[in-house]
Structures are given as C-alpha cells and as structure tokens.
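2 protein chains.
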Amino acid sequence: MGGVENGVTLERPRVLIVGGGFGGLYAARAFRHSAARVTVVDRENHHLFQPLLYQAATATLAPTDITAPIRWLLRRQENTEVLMAEVERIDVARRVAVADGGALTIPYDYLILAAGARHSYFGHPDWETAAPGLKSIEDAIRIRQRVLLAFERAEKAARDDERRRLLTFIIVGGGPTGVEMAGMLPTIARDTLSGDFRRIDTRRARVVLVEGGPRLLAAYPDDLSEAARRSLEALGVEVRLDTRVTHVARGVVEAGGERLEAATIIWAAGNEASPLGASLGVPLDRVGRVIVNADLSIPGHPEVFVVGDQAAMTSRGKPVPGVAPAAIQSGPVAAANVKRLIAGKPTRPFRYLDKGDLATIGRYKAVARFGRLHVSGALAWWLWLFIHIMYLAGFRNRASVLVEWGYAFFTYQRGSRLIATRDRPGAAAHGV
Amino acid sequence: MGGVENGVTLERPRVLIVGGGFGGLYAARAFRHSAARVTVVDRENHHLFQPLLYQAATATLAPTDITAPIRWLLRRQENTEVLMAEVERIDVARRVAVADGGALTIPYDYLILAAGARHSYFGHPDWETAAPGLKSIEDAIRIRQRVLLAFERAEKAARDDERRRLLTFIIVGGGPTGVEMAGMLPTIARDTLSGDFRRIDTRRARVVLVEGGPRLLAAYPDDLSEAARRSLEALGVEVRLDTRVTHVARGVVEAGGERLEAATIIWAAGNEASPLGASLGVPLDRVGRVIVNADLSIPGHPEVFVVGDQAAMTSRGKPVPGVAPAAIQSGPVAAANVKRLIAGKPTRPFRYLDKGDLATIGRYKAVARFGRLHVSGALAWWLWLFIHIMYLAGFRNRASVLVEWGYAFFTYQRGSRLIATRDRPGAAAHGV
Numbered sequence: 528m529g530g531v532e533n534g535v536t537l538e539r540p541r542v543l544i545v546g547g548g549f550g551g552l553y554a555a556r557a558f559r560h561s562a563a564r565v566t567v568v569d570r571e572n573h574h575l576f577q578p579l580l581y582q583a584a585t586a587t588l589a590p591t592d593i594t595a596p597i598r599w600l601l602r603r604q605e606n607t608e609v610l611m612a613e614v615e616r617i618d619v620a621r622r623v624a625v626a627d628g629g630a631l632t633i634p635y636d637y638l639i640l641a642a643g644a645r646h647s648y649f650g651h652p653d654w655e656t657a658a659p660g661l662k663s664i665e666d667a668i669r670i671r672q673r674v675l676l677a678f679e680r681a682e683k684a685a686r687d688d689e690r691r692r693l694l695t696f697i698i699v700g701g702g703p704t705g706v707e708m709a710g711m712l713p714t715i716a717r718d719t720l721s722g723d724f725r726r727i728d729t730r731r732a733r734v735v736l737v738e739g740g741p742r743l744l745a746a747y748p749d750d751l752s753e754a755a756r757r758s759l760e761a762l763g764v765e766v767r768l769d770t771r772v773t774h775v776a777r778g779v780v781e782a783g784g785e786r787l788e789a790a791t792i793i794w795a796a797g798n799e800a801s802p803l804g805a806s807l808g809v810p811l812d813r814v815g816r817v818i819v820n821a822d823l824s825i826p827g828h829p830e831v832f833v834v835g836d837q838a839a840m841t842s843r844g845k846p847v848p849g850v851a852p853a854a855i856q857s858g859p860v861a862a863a864n865v866k867r868l869i870a871g872k873p874t875r876p877f878r879y880l881d882k883g884d885l886a887t888i889g890r891y892k893a894v895a896r897f898g899r900l901h902v903s904g905a906l907a908w909w910l911w912l913f914i915h916i917m918y919l920a921g922f923r924n925r926a927s928v929l930v931e932w933g934y935a936f937f938t939y940q941r942g943s944r945l946i947a948t949r950d951r952p953g954a955a956a957h958g959v
Numbered sequence: 528m529g530g531v532e533n534g535v536t537l538e539r540p541r542v543l544i545v546g547g548g549f550g551g552l553y554a555a556r557a558f559r560h561s562a563a564r565v566t567v568v569d570r571e572n573h574h575l576f577q578p579l580l581y582q583a584a585t586a587t588l589a590p591t592d593i594t595a596p597i598r599w600l601l602r603r604q605e606n607t608e609v610l611m612a613e614v615e616r617i618d619v620a621r622r623v624a625v626a627d628g629g630a631l632t633i634p635y636d637y638l639i640l641a642a643g644a645r646h647s648y649f650g651h652p653d654w655e656t657a658a659p660g661l662k663s664i665e666d667a668i669r670i671r672q673r674v675l676l677a678f679e680r681a682e683k684a685a686r687d688d689e690r691r692r693l694l695t696f697i698i699v700g701g702g703p704t705g706v707e708m709a710g711m712l713p714t715i716a717r718d719t720l721s722g723d724f725r726r727i728d729t730r731r732a733r734v735v736l737v738e739g740g741p742r743l744l745a746a747y748p749d750d751l752s753e754a755a756r757r758s759l760e761a762l763g764v765e766v767r768l769d770t771r772v773t774h775v776a777r778g779v780v781e782a783g784g785e786r787l788e789a790a791t792i793i794w795a796a797g798n799e800a801s802p803l804g805a806s807l808g809v810p811l812d813r814v815g816r817v818i819v820n821a822d823l824s825i826p827g828h829p830e831v832f833v834v835g836d837q838a839a840m841t842s843r844g845k846p847v848p849g850v851a852p853a854a855i856q857s858g859p860v861a862a863a864n865v866k867r868l869i870a871g872k873p874t875r876p877f878r879y880l881d882k883g884d885l886a887t888i889g890r891y892k893a894v895a896r897f898g899r900l901h902v903s904g905a906l907a908w909w910l911w912l913f914i915h916i917m918y919l920a921g922f923r924n925r926a927s928v929l930v931e932w933g934y935a936f937f938t939y940q941r942g943s944r945l946i947a948t949r950d951r952p953g954a955a956a957h958g959v
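Line order of the protein sequences matches chains A and B. Counting with our numbering, you get residues 528 to 959 for the letters of the first sequence. Counting with our numbering, you get residues 528 to 959 for the letters of the second sequence.
For the record, the hints were derived by calculation from the structure and aren't laboratory data. Everything numeric in this text was worked out from a predicted model, so none of it was measured. One thing to keep in mind: the hints can contain errors.
Identical copies look the same in the list; a pair holds intra-copy or inter-copy alike.
Below, a list of computed lysine to aspartate or glutamate pairs in the EDC-like style, where the Cα atoms sit at most 16 Å apart [stated by the list, open to error]:
#1 882 x 750
#2 882 x 627
#3 866 x 627
#4 683 x 613
#5 683 x 627
#6 845 x 687
#7 683 x 608
#8 662 x 799
#9 866 x 830
#10 662 x 608
#11 845 x 799
#12 683 x 769
#13 882 x 728
#14 683 x 884
#15 882 x 830
#16 866 x 538
#17 882 x 769
#18 882 x 665
#19 845 x 666
#20 872 x 830
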C-alpha cells in the first residue's frame, strides 16, 4: 500500500482505472495533481463522445470527429499511463486485474471500474447479427455502411419488392438512441442523399420505430415524449408504440403481430452492464450493474469503486440514471474518494446533480428538460448544440472545436459517407 | 447506336465509364454538357485522392479527408448516373459490361475503361497477408491500424526483443509511395506519438526502406533521388538500395542476404493493371495494361477506350508514366473522342503534358521536378502543398478545402489515430 505513514512516505500508491469512456477519463483527469501512479486501461485506443454516436451511424459526422486517443487526452499527466488491453476479470483478493487472456496482470492499490454498459437482446443474443446495436464506433461504422449500402443496392435493384425492402429501415427501441437515429434517417435520405441518385427517390425511404412501451423516451416527462413523437411523425417516421418485438431474423422483424421486412434493422433497446462487474463477487442488479455504496465503493472492499453505466448508484435515495452526466460526475467523485483514502480521510457520498434530459429529433429540433423547464423544437436544438460543444471542448480548444464541429456537421456529410470495405457477402461490414 | 442520322435524332447514346478514380471521374465530368447518357460504375462508393493516401496510412489525415462519394461529386450532372457495382468482364462483341457475378449487365454504345492498377508481389501473391499494399482507402486503414497497434503492443510488451520487433517497420519499394510512407513513419513516431507513451520511447522506432534497384524514385532525376535518400537518412530511416526481397512471411522479410524481423511490413512495390483489361481480348503489356492506340481506343473497337493506370499509352513516341496527371489528362481526352465519334468526326491523339514529379519526404520536405527545374527541401514541400490543394479543389470550394486540409494536416493527427476494431487475433485489421 502506498501513502504516508508515521511521517514516512511509502511507495506511491497505484490507481488502476478500467475504461476510458466518460467515467474513466474524468476520473483519470481528477488525479492530475496527485502523487499516485495512475494506469488507465481500455480495450479500445480511443475515447468516444457517445452522445454524438448516432450522427456517425447516420453518416452525418465522421468517426474521427467524435473520438480521440485516450493516451493523447492524458498525455500531459506525467503520473498517468494508458494501456490498450482487454481486462477480463478482477481478482479483488490479490488486487490485480487480469487482461489479454492472462498475458497481462496489472496490480493495483485502488481500482475504479468504469467499463460501461451495452444494449441487450432480451435473452436473444442470436438477434445481434441481424440487428446490430450502437454502442461503439465500430457499431456506428457498421450501421452507417449498412444504411449507405442499402441505398446503393436500391439504385441497382431490378425488382420493386427488392427496392422497397432495401429502402425500409427499422429501429427497435424508443429511448434516446432510437429516437435520435429515427430522426436522422429521413433527414439524410431527404437532405443529404436525394439529389445524388437517379433511379430511386431516396425521400421514399420508410423508417419504422418500434417501442415496446406506451411512450417514446420513457424517462422523459409526458409532454416531451409526445413532442418527440409528433416531430418524428412530421419527418415521416412510422412510430409503433406498445409494440414488442417477438422475433428478429435477417431482414425481418416480427412485432405486435406484424411482420416487417427491411434490409436494415438497428437495435437500440435493452441494457446490460459490462460482464467485468461479475468478477467482483458482489451483488449485481437486474441488468448486471454493480450495486455500490453511497461513496461508490463496493461492499467489503473500500479500495474498489465502480462508476458510470457499470454501476447501480443511488443519490438522495433515488437511483441514478445511466446517462452521460452521471458518468461524468461519478468518475471524479470516485477519484476524490481514492485520494481521501490515500490521505487517511473518510470518503464522501456521491450526490448526483440531475442536469436534465436532451434528445435531438432530426437535424433542427430537440426535446429538452432542465429541472422543471421543458423545451422542444428549434430552441431545444440550439441548447443541445451549445451543451455538446461545451462538453466536447473539455479537452480541446473551444473555438477550434466549434469551427471544426460546425464545419463537420454542415459539410462533412459528404466525407462521412465513405464505405471503406467492399460489399462482399459475408465480409465484416466495416466502413469509415 | 445513338446520335444524329439523316437529321433525325436517335436515342441518346449510352456511355459507360468503369472506374471512379482520376481517369473515370475526369472523363465523366467532360460529359456534363453532352446529350449522351453516362453511367459511371465503381466497386467502391467513393473517389479517392490517391496522392494523399500515404497520409491516411500514417494516421496524419483521416480517411474522410481524402475521399468523396462519386455520386455526390457528379450530382449536378443530370445526364450522369452512378452505380456501385463490380464489373467483372466486358463483352466487346455484345457491347455489355457484366457485373456483380452476372446479376447486373450494363449495355453501352461507348465504353471508357479506367479501372486502374494495383501493386504486385512479383509472383508471390501469398506475401500479401504479411505485407499489405497501399492502393485503396481500405488498405490505408489496415496499414494505419497495424502501425498504431504496433506502438500499443510495444507499450504493453514484457520482453525487449518483442518490443524491438514491434517498433521495427519495413517498407518494400523505393518509388514515391514507399518513400513517402518511409518519411512519414519517423515523423509521426517523433512528433505525434512521442509524448503519449510512458514505457516506450517512440523515437526509437526503426524504419527500414528496401529497394531492389540502385536508386530511390527511379523515375526521377539522379540528383533528386539522392536528395530523397539524404533526407530520409536524416530522419533516421535505414535505406537499403540494390536489395531485392527474396522472401516474406508474417513478421519477417528476407532481402539482400539479411533477415529482418518487424511486426509491420508494408508493400509499396510492383505494378499490375486491373484484370478487367484481359477480357477485352486485345494485347496487354508486361504488367497487364491494355495497349491502346494514339487516340486511346483499342484495336478493332473504336468505341472502346482505356485510360489512366490501366492503359499503356504512348505520347510523342514515349510511354506515358502511370501517374496521377496522366490519368487526369487521359480521361477527358477519351471523353472528347467519344463525343467526336457521336458527332461523326475523327478522333484526336492523346498528347501527354508532363507536369513533372513530386514526392514528399517527411512532413516539411519534398523533391520536385518541373520540366528541367529540380527543387528539393522545404520550398518543394510548399509547392507540393499548393498543387495538391488546387487539384483537390477541382470539385470543392478552394477556401474551405484549404482551411479543412490545413486544419486536418496540422491538428487531426489526434482524430485520425482511431483504431475502430478491436485487436482480435485473426480479425480483419480495420481501423478508421
């Protein structure tokens, strides 16, 4: 163990942070003036700005616009190193993380787990190939390729029924991800692509959003759910509420007694935390999240913390939602508690500051809640833009980010429409 | 057949252009005021600005910076459509192109083949997996991923010999592609990456450039070859001239009696034209290029033209080199000849205007020849910059291109370092 004892400075304490997303990155940044030695491990080399992931998936932004190498973001922290490795389990007794099939073991004095969550298929993992989800940049590239190829194939299609199927897009899940994807698809079909094709009318693309519950954006207030639905329908999206998906196969979705054929099916439903939490040997909630104490540590191991989407956190007696601000806030709180432990002080509980909800609908509208204030339409969209620029700019020069993002958003449509691998049957659907 | 006969306007003539690279794209643009119906077919969805491909491969530019959808570039030409399909053979007797495994047949009245060329492995196609080439954006992404992963693995490496192997990069082929790649690798290792790693010193990366002949840039004047070699050696590159590669396997290159171990081997040698030319049934040259007449048509079929890297063209009695300006010039000449045939006029021969040679060495130097004028060093680099901006801007607003490219070149280093797929054994090595 590192730290100060009886006035004698021992070896510097080692802090291991697993995950370079919002939780892990903001936690790491909190150590920048610390004497601790910090190691950040992620199986990807990049930090991903997830709120804009749906734009990469709909060819509006390029993947490089919303990612940055983790080691570049932390380059100025001399006490911090970054390793690209896949942590498979945590040995809490020996205080080591085991990665890369056992090839790499990383000892720690303090651990912050921020490995996130992904979508889930309600017990049908075999649906994933037919209906890819949207959690990583790889997912976004795959979806973008499928969407663009659907239009390319439709342009070549010899038969009407084939063309209709190719121009039908189904999105499963009416949460923010599904709603944002559903809003962008008709937007790019109409604004971006319509002049570029000769044989097909891209505006005739059919987008169907399927949601099992009675409302879109279930976590939002009723009036904003309704505003979102109306805005989507104004864009031509067919919204199916109270419609549970019963079967998914390649090109087919069965839901609410209806059989829908579509070349492109996108999964934006369900939630399950990283399996890494299971290796801690402590209770998990229904979706696999680690149930943490008020100070974000786990029962029986005050030196181990879990934050962000991977944790089931409670604040002021209420569960904390799995949203970006929660990850951004909990990371530094866990880091502060680690620093208190190092200094021999008591830890403090996490107090979540609910900054509201925000989802875009198409290119120029959004729905937003800030405290009790509900906003929808174009005004909400400008608020969304401002907030995301401020968050993106946490690491970068604000003016340059604004220019770059603005330019990317309004003009890179063309550049982000790259399909980088050829449409070979069975080939991994990767694009850039 | 289309055209005007006895004062009666027949059906509009159909022009098929195979390939959306420099040759095909510039040929298509030449038809913008024509009455012909033009179809451009490419197996990719994008046009690639190849001169900057080595920058995408060395994580200096993002792939989306140097590509644009072909159908977007041609969107304003009402008479022109774009299909994404792979043409497998041409039936010159029936005047159809057969694509997508026979699923698509495209009839034509006039054909312009611009399917380009790729690198070759001197009769060892099995070397390709171990030593990928650089011709497409997919290639650039694959190389970039290997380069970035090599540094990531080196950071994790437990043993010195493993680290050395991971930090060794071999490039085979001392033409412009190899020289440009060889110049960029130490540049990114030193300028871009060096502050981001803790356990390795990226400046100790070893770059070896292997060339079978006595000079780098064999097509350039002697003094420029020498300037290139000196500049590369000043960057720390080990240049091996008169060194033929005898064997390539995963992680190993045997050349000139030496055995070199490197995690990353890049192939930038050899040349072979698209196999599509073989289906024309006319003589090909040693590297598979179609030997064309002075007006770029093929023997026996005045309605079929071949341009760019896929053609063995002659101008003023001298062979035309397989360089970008030759493709850019020959495309419109073939198009002009098609228009003359439609109007019942005689065709004209292709006159190649040799605009010189240009290759960069690292980030701030270049070697260039313009006519008899030889330039090297920083001045040549600025000329290179100017020329590429002007060419890139052929389709786009110049000011925005300059801003975008400049920003990309100087700052996107971070953005273009994205590895989009996880490093799984056997997985396709794709990154963004």
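Consistency of the hints with the structure:
For the identical chains of this complex, residue 882 and residue 750 are neighbours neither inside a copy (18 Å) nor across copies (65 Å), given an alpha-carbon limit of 16 Å. With identical chains, the CA atoms of residue 882 and residue 627 are never at most 16 Å apart, being 38 Å at best within one copy and 52 Å at best between copies. Taking the closest pair of Cα atoms, residue 866 and residue 627 never come within 16 Å of each other, the shortest separation being 29 Å inside a single copy and 62 Å across copies. When the C-alpha separation of residue 683 and residue 613 is checked against a cutoff of 16 Å, the pair qualifies only between copies, where the shortest distance is 12 Å, while the shortest distance within a copy is 42 Å.
For the identical chains of this complex, residue 683 and residue 627 are inter-copy neighbours only, at 10 Å across copies versus 44 Å inside a copy, given an alpha-carbon limit of 16 Å. Proximity of residue 845 to residue 687 under the C-alpha cut-off of 16 Å is found in neither arrangement, the shortest distances being 53 Å within a copy and 52 Å between copies. For a Cα distance limit of 16 Å, the shortest separation of residue 683 from residue 608 across copies, 11 Å, qualifies, whereas the shortest one inside one copy, 50 Å, does not. In this homomeric assembly, residue 662 and residue 799 come within 16 Å of each other (Cα to Cα) only inside a single copy, at 12 Å, whereas the closest approach across copies is 41 Å.
For a Cα distance limit of 16 Å, the shortest separation of residue 866 from residue 830 inside one copy, 11 Å, qualifies, whereas the shortest one across copies, 77 Å, does not. In this assembly of identical chains, residue 662 and residue 608 lie within 16 Å of each other by CA distance neither inside one copy nor across copies; the values are 25 Å within and 35 Å between. Taking the shortest Cα distances, residue 845 and residue 799 never come within 16 Å of each other, neither inside one copy (20 Å) nor across copies (66 Å). Neither within a single protomer nor between protomers do residue 683 and residue 769 lie at most 16 Å apart by alpha-carbon distance, with minima of 36 Å and 50 Å respectively.
Taking CA atoms no more than 16 Å apart as the test, residue 882 paired with residue 728 passes in neither setting, with 41 Å inside one copy and 43 Å between copies. Taking the shortest Cα distances, residue 683 and residue 884 never come within 16 Å of each other, neither inside one copy (42 Å) nor across copies (40 Å). Taking identical chains as interchangeable, the C-alpha atoms of residue 882 and residue 830 are never at most 16 Å apart, the minima being 29 Å within one chain and 67 Å between chains. Only within a single protomer do residue 866 and residue 538 lie at most 16 Å apart by alpha-carbon distance; the minimum there is 15 Å, versus 80 Å between protomers.
When the C-alpha separation of residue 882 and residue 769 is checked against a cutoff of 16 Å, the pair qualifies neither within a copy, at 29 Å, nor between copies, at 66 Å. In this assembly of identical chains, residue 882 and residue 665 lie within 16 Å of each other by CA distance neither inside one copy nor across copies; the values are 29 Å within and 42 Å between. Taking CA atoms no more than 16 Å apart as the test, residue 845 paired with residue 666 passes in neither setting, with 32 Å inside one copy and 51 Å between copies. In the homo-oligomer, the alpha carbons of residue 872 and residue 830 lie at most 16 Å apart inside one protomer (13 Å), although the nearest pairing across protomers, at 85 Å, exceeds that limit.
Hint compliance for this structure: hints 1, 2, 3, 6, 10, 11, 12, 13, 14, 15, 17, 18 and 19 are not met, and every other hint is.
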